[in-house]
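In terms of the working numbering, the numbers along the sequence shown are unbroken and rise by one, the last being 420.
Check before you lean on any hint, since a few could be wrong.
Okay, the calculated beta carbon distance ranges per label pair [stated by the list, open to error]:
#1 L206 <-> A372: 18 to 28 angstroms
#2 W148 <-> R362: 39 to 49 angstroms
#3 N415 <-> Y78: 36 to 46 angstroms
#4 E327 <-> L208: 54 to 64 angstroms
#5 I97 <-> L364: 39 to 49 angstroms
#6 F110 <-> I220: 54 to 64 angstroms
#7 V48 <-> E167: 19 to 29 angstroms
#8 W213 <-> A251: 49 to 59 angstroms
#9 T177 <-> E360: 22 to 32 angstroms
#10 G295 <-> T177: 17 to 27 angstroms
#11 T177 <-> I220: 35 to 45 angstroms
#12 H211 <-> V48: 44 to 54 angstroms
#13 E327 <-> Y242: 23 to 33 angstroms
#14 L299 <-> L98: 25 to 35 angstroms
Think of the hints as simulated: they come from the structure by calculation, not from any bench. Think of the CB as a built atom: it goes at the ideal place given N, C-alpha and C, for glycine as much as any other residue.
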Amino acid sequence: MPKHLFYASLQVLKNIKIGIFISLVNILIQGVNLLFHNIIARNLGFVNFGNFGILLNDYTIFCAIADFGMLALILAYFGKRATEGSLFTHILQLRILMSATTAALMIGFSLLFRRNHDILFGELILVLGLFFQHSFFDWYFISGKFWKKLLISKVLHTISLALTMEICLCLFNFNTIHSIAFAMVVSAVPTFSFGVSQAFSIKTLKLGRHFWLFSRLMIKSAFPYALTNIASYAYLPVGLYAVSIVASPAFLGAYTFAHRITLLASSLMVYFIYSSVLTLHQSDSSKIRILDQGIFTLFVTIALIPFWAAPNWVLKIIFFAAPWTEDSLLTSAYCLRILSFSLVFQAIRLGMISTLLKEKRTLTYGFFITAGGVLNIASCVVGVKVFTPDKIPILTLSGDLFLTFFLICYFIKNRRIGW
């Protein structure tokens, strides 16, 4: 093997190693969440678990709106300065104001679009979750490099989540969507309280003229980050909404299990993007190497073999407490086998996305993400009127296909792809 290809192989293997390490750090909370999703599925049953999936989708989208790209902006432009003086006070005030504004939007959305839905009361309860998010103060800990405090907050949330959910789900047998939503909010309160004790100041309650000038500048600057963050929900989550509109409750429930697994795996892919950005900063190359992309895509493809070869066993292992029937397991396995191809598309474009982020081409990245998301929504809207519900998982991959194609064309046009 030529020397430059050998070093390229070492680089991508380093990306994989760092990505796996960062992913494992986050497995603690993800593992506890997954455990209690099992019990939630058992307590709610298939139909209500499908509705619960829609509730979680709605909530995560409004969390993205509340953040509005601020976390990325704070880390990119302020760093440790964000934890000191008037800048710290203004940022904290803005975070609270954005949460309050988003809470009003979520209440309006719930009353307008969910008023006859089983998740209405659960959604109104999760409005409180916008204020008591366990990650509300993450920007403070990360910006100040207070790693011990960040670790304490994560461990505290894991313990709180485990105890709250065990008491509510197992001891008191909560089996309604709104009661489980209430338990979720309560589980985040101790971590939020820890953040308040570390980062809250009485000055936060005083809004002066400088705050409004600062807010306008921050919202304007954060718009590209917010666009990419919010537009990312126009991909896999859209499929769940499409299923909820045209498919039977039984199909929605089965689809939700496959959807949750794919979203979990997709969230882990983000950490590989972070690792790729870190290693790109150590390289002077401005080109995307086909070998790097091929090795990483092969790595992801091999990891996904169980999803294609034995999806029913994957579902039974991960959701071991779910009330499976032969038909529901067959349907969920079919959906998982198709949705997992989204992860292959994500692997193919990982190097291109991390390169755009490294070069701070946020507007370009935001444009591609938005364009792919709009086309994905259009495909699902048109598709559900033409095809049967079982084709929706395939339609949901449209956005991934479009985005990957757009990025490849962009890098080829700019002659930035090499071996």
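Here is how each hint holds up against the structure:
Between L206 and A372, the C-beta spacing of about 42 angstroms breaks the proposed range 18 to 28 angstroms. A C-beta distance of roughly 30 angstroms is found between W148 and R362, which places it outside the suggested range of 39 to 49 angstroms. Between N415 and Y78 the beta carbons are some 26 angstroms apart, a value that contradicts the proposed interval 36 to 46 angstroms. Checked against the hint of 54 to 64 angstroms, the C-beta distance between E327 and L208 comes to roughly 59 angstroms, which is consistent with it.
At roughly 28 angstroms, the beta-carbon separation of I97 and L364 lies outside the given 39 to 49 angstroms, and the hint is violated. Distance hint check: the CB atoms of F110 and I220 are about 20 angstroms apart, inconsistent with the given range 54 to 64 angstroms. Under the hint 19 to 29 angstroms, the C-beta atoms of V48 and E167, about 24 angstroms apart, fit the expected range. The given range of 49 to 59 angstroms is respected by W213 and A251, whose C-beta atoms sit roughly 51 angstroms from each other.
Distance hint for T177 and E360: a CB-CB separation of about 49 angstroms, inconsistent with the stated range 22 to 32 angstroms. Taken as a hint, the range 17 to 27 angstroms is violated for the pair G295 and T177, whose Cβ atoms sit roughly 49 angstroms apart. Checked against the hint of 35 to 45 angstroms, the pair T177 and I220 passes, with Cβ atoms roughly 38 angstroms apart. The beta-carbon spacing between H211 and V48, approximately 52 angstroms, falls within the hinted interval of 44 to 54 angstroms.
Hint check: E327 to Y242, Cβ distance near 27 angstroms, so the stated range 23 to 33 angstroms holds. Distance hint check: the CB atoms of L299 and L98 are about 46 angstroms apart, inconsistent with the given range 25 to 35 angstroms.
Violation of the numbered hints given earlier is confined to hints 1, 2, 3, 5, 6, 9, 10, 14; the remaining hints are satisfied by the structure.
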